[in-house]
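Enquirer: Take a look at the letters that make up each chain.
There are 2 protein chains.
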Amino acid sequence: MKTVVLKFGGTSVGNIDRIKKVCKIIATYKKKKYNVVVISSAMSGVTNDLVNKSKSLSNSFDLAEYDALLSTGEQVSCALIAGRLNHIGLKSRSWLSWQLPIVTEGNHSGARINKININELNRYIKNGGIPVVTGFQGINKNYRITTIGRSGSDATAIMLAKYIKAEECIIFTDVEGVYTTDPRQHKKAKKIKKIFYDEMLEMASLGSKVMQPTSIQDAKLNEIDIKVQSSFASKSGTLITNSKKSFSDQIITGISSTKNDAKITIVGVKDRPGVAASIFKPLSKNLINVDMVVQNISQNGKNTDLTFTIKSEDLKKTENLIKENKSISYKKLSFDKNVSKVSIIGVGMITTPGITYRMFQALASKKINILVISTSEIKISVLVSAKHVKKAIASLHKEFKLD
Amino acid sequence: MKTVVLKFGGTSVGNIDRIKKVCKIIATYKKKKYNVVVISSAMSGVTNDLVNKSKSLSNSFDLAEYDALLSTGEQVSCALIAGRLNHIGLKSRSWLSWQLPIVTEGNHSGARINKININELNRYIKNGGIPVVTGFQGINKNYRITTIGRSGSDATAIMLAKYIKAEECIIFTDVEGVYTTDPRQHKKAKKIKKIFYDEMLEMASLGSKVMQPTSIQDAKLNEIDIKVQSSFASKSGTLITNSKKSFSDQIITGISSTKNDAKITIVGVKDRPGVAASIFKPLSKNLINVDMVVQNISQNGKNTDLTFTIKSEDLKKTENLIKENKSISYKKLSFDKNVSKVSIIGVGMITTPGITYRMFQALASKKINILVISTSEIKISVLVSAKHVKKAIASLHKEFKLD
Numbered sequence: 001m002k003t004v005v006l007k008f009g010g011t012s013v014g015n016i017d018r019i020k021k022v023c024k025i026i027a028t029y030k031k032k033k034y035n036v037v038v039i040s041s042a043m044s045g046v047t048n049d050l051v052n053k054s055k056s057l058s059n060s061f062d063l064a065e066y067d068a069l070l071s072t073g074e075q076v077s078c079a080l081i082a083g084r085l086n087h088i089g090l091k092s093r094s095w096l097s098w099q100l101p102i103v104t105e106g107n108h109s110g111a112r113i114n115k116i117n118i119n120e121l122n123r124y125i126k127n128g129g130i131p132v133v134t135g136f137q138g139i140n141k142n143y144r145i146t147t148i149g150r151s152g153s154d155a156t157a158i159m160l161a162k163y164i165k166a167e168e169c170i171i172f173t174d175v176e177g178v179y180t181t182d183p184r185q186h187k188k189a190k191k192i193k194k195i196f197y198d199e200m201l202e203m204a205s206l207g208s209k210v211m212q213p214t215s216i217q218d219a220k221l222n223e224i225d226i227k228v229q230s231s232f233a234s235k236s237g238t239l240i241t242n243s244k245k246s247f248s249d250q251i252i253t254g255i256s257s258t259k260n261d262a263k264i265t266i267v268g269v270k271d272r273p274g275v276a277a278s279i280f281k282p283l284s285k286n287l288i289n290v291d292m293v294v295q296n297i298s299q300n301g302k303n304t305d306l307t308f309t310i311k312s313e314d315l316k317k318t319e320n321l322i323k324e325n326k327s328i329s330y331k332k333l334s335f336d337k338n339v340s341k342v343s344i345i346g347v348g349m350i351t352t353p354g355i356t357y358r359m360f361q362a363l364a365s366k367k368i369n370i371l372v373i374s375t376s377e378i379k380i381s382v383l384v385s386a387k388h389v390k391k392a393i394a395s396l397h398k399e400f401k402l403d
Numbered sequence: 404m405k406t407v408v409l410k411f412g413g414t415s416v417g418n419i420d421r422i423k424k425v426c427k428i429i430a431t432y433k434k435k436k437y438n439v440v441v442i443s444s445a446m447s448g449v450t451n452d453l454v455n456k457s458k459s460l461s462n463s464f465d466l467a468e469y470d471a472l473l474s475t476g477e478q479v480s481c482a483l484i485a486g487r488l489n490h491i492g493l494k495s496r497s498w499l500s501w502q503l504p505i506v507t508e509g510n511h512s513g514a515r516i517n518k519i520n521i522n523e524l525n526r527y528i529k530n531g532g533i534p535v536v537t538g539f540q541g542i543n544k545n546y547r548i549t550t551i552g553r554s555g556s557d558a559t560a561i562m563l564a565k566y567i568k569a570e571e572c573i574i575f576t577d578v579e580g581v582y583t584t585d586p587r588q589h590k591k592a593k594k595i596k597k598i599f600y601d602e603m604l605e606m607a608s609l610g611s612k613v614m615q616p617t618s619i620q621d622a623k624l625n626e627i628d629i630k631v632q633s634s635f636a637s638k639s640g641t642l643i644t645n646s647k648k649s650f651s652d653q654i655i656t657g658i659s660s661t662k663n664d665a666k667i668t669i670v671g672v673k674d675r676p677g678v679a680a681s682i683f684k685p686l687s688k689n690l691i692n693v694d695m696v697v698q699n700i701s702q703n704g705k706n707t708d709l710t711f712t713i714k715s716e717d718l719k720k721t722e723n724l725i726k727e728n729k730s731i732s733y734k735k736l737s738f739d740k741n742v743s744k745v746s747i748i749g750v751g752m753i754t755t756p757g758i759t760y761r762m763f764q765a766l767a768s769k770k771i772n773i774l775v776i777s778t779s780e781i782k783i784s785v786l787v788s789a790k791h792v793k794k795a796i797a798s799l800h801k802e803f804k805l806d
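Sequence lines, in order, name chains A and B. For the first sequence, this note's numbering assigns the number 1 to the initial residue and increments by one for each residue that follows. For the second sequence, this note's numbering assigns the number 404 to the initial residue and increments by one for each residue that follows.
Read the hints as simulated data drawn from the structure, not as lab findings. A portion of the hints provided could be inaccurate.
Here are the computed distance ranges between Cβ atoms for each label pair [what the hints assert, rightly or not]:
(1) Asn338(A) / Ile491(B): 42 to 48 angstroms
(2) Pro183(A) / Gly448(B): 36 to 42 angstroms
(3) Asn692(B) / Asn48(A): 44 to 50 angstroms
(4) Gly448(B) / Asn142(A): 29 to 35 angstroms
The beta carbon of each residue, even a glycine, is placed where N, CA and C say it ideally should be.
With the sequences and hints as input, model every part of the structure.
Expert: Quick look at the structure:
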């Protein structure tokens with residue numbers, strides 16, 4: 001008998017009618033004779049409401065209490081789902097993280113799942129029951145409730161799928177899957193049928209918000225195939241996997257773009273060993289995330305130009321930190337607030353020569369100027385003026401036959 | 404060092420400002436060098452909202468899931484209180500019922516506390532910490548969450564006070580204490596300073612809604628003194644106790660009255676052994692609660708008149724059940740929908756003769772007709788026309804020097 005883990009996100013269980021719908025979806029898997037394990041997030045809005053309550057009582061709310069507070073969200077949704085499943089004639093019960101238990105390690109609000117005890121769960125499944133397990137949480141060695149970061153319910157689903165050796169792990173959400181590029185940016189965006197973990201990791205970290213990078217990393221490490229699909233429309237979603245079976249020979253799988261990036265260039269920096277570190281140390285200390293970095297070749301061996309990108313909201317702070325930095329000298333600081341990073345992603349590019357050329361050619365043909373370039377094994381990113389993003393995506397989407 | 408249990412009801416923690424207020428109250432006890440243990444109910448409205456959610460998913464919602472669902476209410480309020488106490492510089496943590504654990508026996512939604520493990524709690528208190536414990540819930544031997552009935556947080560407070568050998572157990576609520584009679588019925592009603600458990604039990608079962616009879620019974624059995632006071636006004640409340648110290652020589656402690664009672668008289672019932680049982684059996688089967696019962700003396704040894712009271716809402720059903728009852732014969736059925744029971748309560752009446760006379764005399768002087776009389780050791784109840792209730796309370800309140 002095949003075992004499937006079904007995970008439902010906050011919008012999927014966002015109100016009573018949606019919980020009824022979710023229970024119908026669960027019933028279809030039971031009808032197909034699957035062993036079914038359900039993981040649920042909190043009903044959408046609930047977690048934010050609890051966060052606001054804590055904030056109105058303290059600007060540094062105790063993290064252990066924060067976790068005890070937030071974990072009630074999943075407890076409510078899981079009890080409601082289990083109650084409804086019983087109502088429609090399916091044997092079901094909720095399992096709170098301490099009841100299994102799901103054991104975590106690490107700090108409150110940012111713990112990681114260390115071990116899941118599945119003995120009782122397995123017995124229940126074998127007797128035809130549907131366990132409904134609270135996502136996003138566990139207990140630490142002191143028997144305190146810990147949460148594993150926002151979107152942590154995905155991590156719960158993936159780790160549980162690993163422990164119970166599930167054949168499938170389906171993440172139900174409010175989108176139909178992963179797209180070749182953001183459908184709001186480009187109308188011809190298409191749903192991706194299959195995507196490799198590494199590609200999905202790049203997509204996720206570049207802003208495709210379907211799943212958190214850490215969850216994808218968990219799935220990759222544990223070789224759990226994940227299907228992402230909508231709980232609202234009964235359409236096939238996107239399979240995230242490492243299996244090469246029936247992958248098409250598509251070279252590029254998707255195109256991502258960022259918003260609100262800013263570019264800073266420090267002109268005429270005195271070139272000496274460790275100068276980049278001197279520049280970035282105060283930024284790192286101030287939690288400013290530096291993304292693309294390019295250092296131009298020093299012309300005379302004495303001076304160099306350093307260009308890097310940050311989030312626009314950090315621009316002012318960054319400017320001040322550089323100006324206050326006594327350990328560096330430079331000729332000029334220049335800024336560009338309206339830039340965006342456009343990336344093409346695909347494991348196919350490893351074995352296919354000429355991808356970089358095709359990308360630059362496609363952009364050049366649309367007269368889009370490339371400001372910075374950065375590459376990894378399965379990704380090429382270019383920085384362009386924000387006003388060119390849509391055009392850039394369209395031209396690349398067409399060039400790499402994603403239309 | 405004195406140990407005090409402070410229990411806060413739903414309205415006392417009904418919103419963020421009230422939670423802040425409650426934490427200030429807790430701080431005053433800590434300042435007085437008390438060991439403090441806090442019990443909290445769910446924020447008012449939360450439990451009803453959860454109940455409604457369950458009802459909209461099933462008209463027979465699984466009781467184990469119902470308990471898992473409802474128990475989140477106290478978890479939220481306790482985490483918020485503990486977080487706030489930390490914020491104002493007091494060492495505190497929430498304790499969920501499974502973390503102690505509070506072990507219950509009996510059915511879901513109607514369990515009773517069997518045992519509380521207080522080892523960790525005691526260590527924490529000795530180190531100056533304030534534990535904030537979820538009321539209203541526990542876990543059963545299967546590690547499932549159980550709830551102990553509405554108002555069950557009082558029971559948690561009383562049982563915890565017993566286990567940790569607390570000197571005081573204070574129930575904070577939205578009234579200032581127990582009154583000699585309902586202040587809405589009689590303006591001269593006064594707050595009672597001290598009341599015996601047994602008197603409070605009679606007051607509670609007669610409709611004084613400050614505390615549930617079962618909680619008072621728990622306190623009585625375990626000899627826990629309870630103070631009931633307001634979390635809104637800093638006034639002294641009512642002490643419920645068995646201690647005779649500094650009790651005044653008041654004979655009557657309070658006056659209760661009921662609403663929505665109905666009187667039924669079955670005239671000319673054939674008098675034979677077991678006839679009353681034949682009449683009440685179908686009522687009991689249909690969960691109709693019979694209160695006062697009077698059987699008149701049979702005139703000729705053959706027939707008798709039977710009078711009893713029920714809640715008005717059960718009148719139609721009761722009438723039908725009597726008419727359908729083939730095991731009895733009678734001449735006539737008569738009803739009075741607009742009657743009320745007025746009771747005087749006080750342990751003093753055991754040792755004081757003439758109380759019954761004074762009661763009847765006071766009512767007679769106001770031309771109030773007594774329909775039925777029923778007495779116990781510490782209570783005398785009379786049934787009167789509903790229109791006379793206010794007048795009856797006023798005359799008795801004056802007669803027994805409660806004004």
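Enquirer: With reference to the structure, classify each hint as holding or not holding.
Expert: Results for each hint:
As the Cβ distance of Asn338(A) to Ile491(B) is approximately 46 angstroms, the hint placing it in 42 to 48 angstroms holds. The hint said 36 to 42 angstroms for the Cβ distance between Pro183(A) and Gly448(B), and at roughly 41 angstroms that hint holds. The hint said 44 to 50 angstroms for the Cβ distance between Asn692(B) and Asn48(A), and at roughly 46 angstroms that hint holds. Under the hint 29 to 35 angstroms, the C-beta atoms of Gly448(B) and Asn142(A), about 32 angstroms apart, fit the expected range.
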